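*Asks:* Chain by chain, the residues:
There are 2 protein chains.
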Amino acid sequence: MLKPIMGFPATSQDNYQLNVINILRHAARSFGRQEVVSIKLDGTKLRFSYNDVYDRVKRLGNALTGIGAQAGDRIGVIDWNSHRHLECYYGIPGMGAVLLLVNIRLSPVDLSFILNHAEAKYIFVDETLIPIAEMVADQCKPIKGYIILTDKDLSEIKTKLSPIYSYEKLLQEAEPDITWPVMDEKSAYGACYTTGTTGRPKGVYYSHRDVYLHALSIGTNAEISCRDCFYQLVPMFHALGWGMPHAAFLVGAKFVLPGMYNIADLGSLAEPLVSEGVTATAGAPALFMPMLEYIRKLDKKPDLTGARFLSGASEPSLTLMKGFYEMTKAEIVHAYGATETTPLVTINRLKPWLEKELNDEQKWDLKRKQGYPVVGLDVKIVDHLGNKVPQDGKTPGEILIRGPWITGKYYNAPGSESSFTENGYWKSGDAGTMDAEGYIKITDRVKDLIKSGGEWISSVDMENETMSHPGVLEAAVTGVAHPKWEERPVALVVLRPEAKDKVSKEDIIAHLAKKFAKWQLPEKVVFADAIPKTSVGKFDKKVIREQYKDIYKG
Amino acid sequence: MLKPIMGFPATSQDNYQLNVINILRHAARSFGRQEVVSIKLDGTKLRFSYNDVYDRVKRLGNALTGIGAQAGDRIGVIDWNSHRHLECYYGIPGMGAVLLLVNIRLSPVDLSFILNHAEAKYIFVDETLIPIAEMVADQCKPIKGYIILTDKDLSEIKTKLSPIYSYEKLLQEAEPDITWPVMDEKSAYGACYTTGTTGRPKGVYYSHRDVYLHALSIGTNAEISCRDCFYQLVPMFHALGWGMPHAAFLVGAKFVLPGMYNIADLGSLAEPLVSEGVTATAGAPALFMPMLEYIRKLDKKPDLTGARFLSGASEPSLTLMKGFYEMTKAEIVHAYGATETTPLVTINRLKPWLEKELNDEQKWDLKRKQGYPVVGLDVKIVDHLGNKVPQDGKTPGEILIRGPWITGKYYNAPGSESSFTENGYWKSGDAGTMDAEGYIKITDRVKDLIKSGGEWISSVDMENETMSHPGVLEAAVTGVAHPKWEERPVALVVLRPEAKDKVSKEDIIAHLAKKFAKWQLPEKVVFADAIPKTSVGKFDKKVIREQYKDIYKG
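These protein sequence lines are chains L and G, in that order. With the first letter of the first sequence counted as 1, position 470 gets the number 470 in the working numbering; the numbers rise by one all the way through. With the first letter of the second sequence counted as 1, position 468 gets the number 1468 in the working numbering; the numbers rise by one all the way through.
Chain L with its partners taken away, still in its complex shape (with noise of 0.2 Å):
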């Protein structure tokens, strides 16, 4: 990265720190009457203002002080989508520490890892998420405490975690009135650790600088404002809950918090839609499908015409998005974004002249698409030696991003340095194209993509074009090393029993021709019966990797 140059001094105040408990101080300033709904699992629903929580999270603050915490002490949080987990979001950061997000659905060895690698002090935990804190605690020598998130007396909790507080009772006895610490506005806010298929789990320890301009970010460039109502699907353990329950009270829009949910009941989280006069929301199409299905059996379509509801961690279906959009008005807009990246990169709005240049179908293809980079990150996407690819919509590469809210390193990982480049950007291992208006698509993860001759080719493609071949049942499509191009394509063909004997390996070839260049064919398919698989299903490109090694020398 280039050093910066300091040029002629400014008279701003540059010495204000960005933090973030700064968002919901102005929020209740501005906007104290605003509502905050959390719902119970009975589905009562409590209701506060801004006012409400920022007193309940000035409390917080000075709770914590009072039990020993202090600034920088790592303190993590095992939740659903509750007020008090809001809560935690600004008074834990608030006063200096730093929230550690807890994701519930972790194995044992990862999150005794995670609490023992963050260090993590105290452990606040829902009372119905308790056996998840026990279940690693004798693990996890440093915790001081536990606070338990309930509304009951403590003599009513059973544990075996031990020191426990009230947190309501540690709230009520609390000083109510704060003077917050100035936190200078590199120090961590909060932390997520990724745990992806392999490796021990990363933290990702975000600034509070970085999370103040992402909020800014969401802002900007999801157009929410105070007359939105704000409903927080994406858990709060995943990603900041990608940065709503910052942006939402920056801009003083009414925050809908679904608590704990039933995994099994799912379509019923369509409820508060129309209860509460939700206009948007942020989730994976694995919420909005069981909600589309509630909603398509309901009498009474509910009318949510203006409503945005960002979808990220999958491409949404067209079936979800013209679904929601023919039942109800509202728009699934797609987003791209990681952990890594607290998580906004891309955002998929149609530009008003594609607005009126596309037809119908070309808008839904379009709209499937991540969309194009938001103002404020660097996003570039480059071939395997570091050079940007054309711009064609076409043309596959790695996404690298680089900017404030991207992380620039994992929190004592050695090893993991391979993930940023030199220049400092963050290796997102996704592949994807760009179009001419900037419109990114995700199509395999880089790991997925065969190096040949300095160029890539796409196994995704290539094994979905393999099996739209109506003579085959499944085909997997893996790079083999080869002594001349680096890696070559090698097909894995399953023939239906009809196909048998009657599809050669010409066909197959032929078929693809229809869509790859030459260059790209396979010079191998293979008949098999069967391809090997992991034990969840999918196909185990390790094995077939090692077993077709040889295949190409000579």
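Hints in this document: simulated from the structure, not taken from any laboratory. What you are looking at is a predicted structure, and each value in this text was computed from that prediction instead of being measured. Idealized CB from N, CA, C, for every residue including glycine. Hints are not guaranteed to be accurate.
Said to hold, decoys possible - With a cut-off of at most 35 Å between alpha-carbon atoms, the simulated DSBU-like pairs for lysine-lysine come out as follows:
no., chain 1, residue 1, chain 2, residue 2
1, G, K1451, L, K300
2, L, K427, G, K1186
3, G, K1356, G, K1144
4, L, K451, L, K388
5, L, K169, G, K1003
6, G, K1427, L, K186
7, G, K1363, L, K45
As the list claims (entries may be wrong) - Just so you have them, the derived chain L footprint on chain G, three or more residues with Cβ under 8 Å:
no., region
8, 1023–1035
9, 1181–1192
Given chain L, work out where chain G should sit, using these hints.
*Replies:* Then chain G, alone, in the frame of chain L:
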């Protein structure tokens, strides 16, 4: 101000510098085909894309280096709201120099003071404004050259300025690609000088960080998006054009520049509202009033439903606000700021609950207030001892402001330190009230407040109330020294000829008692034939204060 504490280290890219050129670079990347319209004096409209603008800005950056400009140099611009002015907004600070904005209506004394105080090295000047530069060129020795903003060949330009360069020729000959330097975000982006009623102009040097965060604040609070068409009415030499040339590009909005406009024909500024589809603008009532009159004369009134006109500098009248709304459905949005505040401090949007609770008349009343503080700033209203006044919408105090886009000092201006409090607030000199909802109403300049026994009395309110007495022609209320109460009001009253000898001092006091508390009422009401006035026709409070300085002494 509290000293920042360094907490736990974060992993974020906190050294990524907020540089204003990134706004345009990113805007061109994600909204490259968005339109910029620049209107010439003859009405011709030049049309550029964001890409075109960025291409020219890159050339400008290279051209500046080519003629010898360096990072840190102060470079003046004397221009109307043209596309070239816009290019200077990005190109000059992009290559590291300081964009020195020059008010074209300054006196030669102030102008040469500013250029010398800033040690301006180059001046960009529109061909129509060359006489302004010529007027002071002899007094400004450090200037190394003048870049003429013109479509003409230099040989057609008659001027004694020397040396001169052709802007268009410099761009034409410059390299098209550039690697922008990374400026430390605390470096000066640009400067404006305030010209108060007293003393020399004072320099506010805005940092890149300041301007960038302010742009995000406008983007968030003014609710503009890529579907908006923004019309740059505010002169770009006033407080960075109110940040709109940054905010509009940040969100990807269409941008319309009115160019040079005829002060005798401000009404025709209304023309692009319809022809270009303007949905957002910012300006002063002094511009909006003639535009309203122009529209009033049109047979077919334009439909500007949803358009937001940010109005600052002075309080918009009900006539203006209702007029625009009734004729076009455009909403006048009152906002408040100053050169020292980049300038956005408050904005008046109707909160959703007030939308429901207030009747129409109450809404119009509320809309005349300056609005609530935007997120990101500390704003407080204090009495003359520095204590917060009650947030009751009645008690006036001085408005103090602190935050990332507020100036922390004036550049090289000894004696100006008294404009700042010990804990880092800028003292605006504006007196106002804040109501329970956080809406601020500016009532006076602080120097027009009367300090009596630790409380403040608004001389402007009392003046208006005195003048509302049917027998009063005009009245001035001034604070005069008092041995016990520090100051007490004196009302100087000129009666209408027909009221002479019929209205007594007691009548005036009884009239005022309907609105003011007993302790606020003036003990002294003096009838006179005329009120001393300044050369521009304002009450000359200095003379009045001197004339009656002993009235409360014994």
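*Asks:* Determine which of the earlier numbered hints do not hold for this structure and return their numbers in increasing order.
*Replies:* 1, 3
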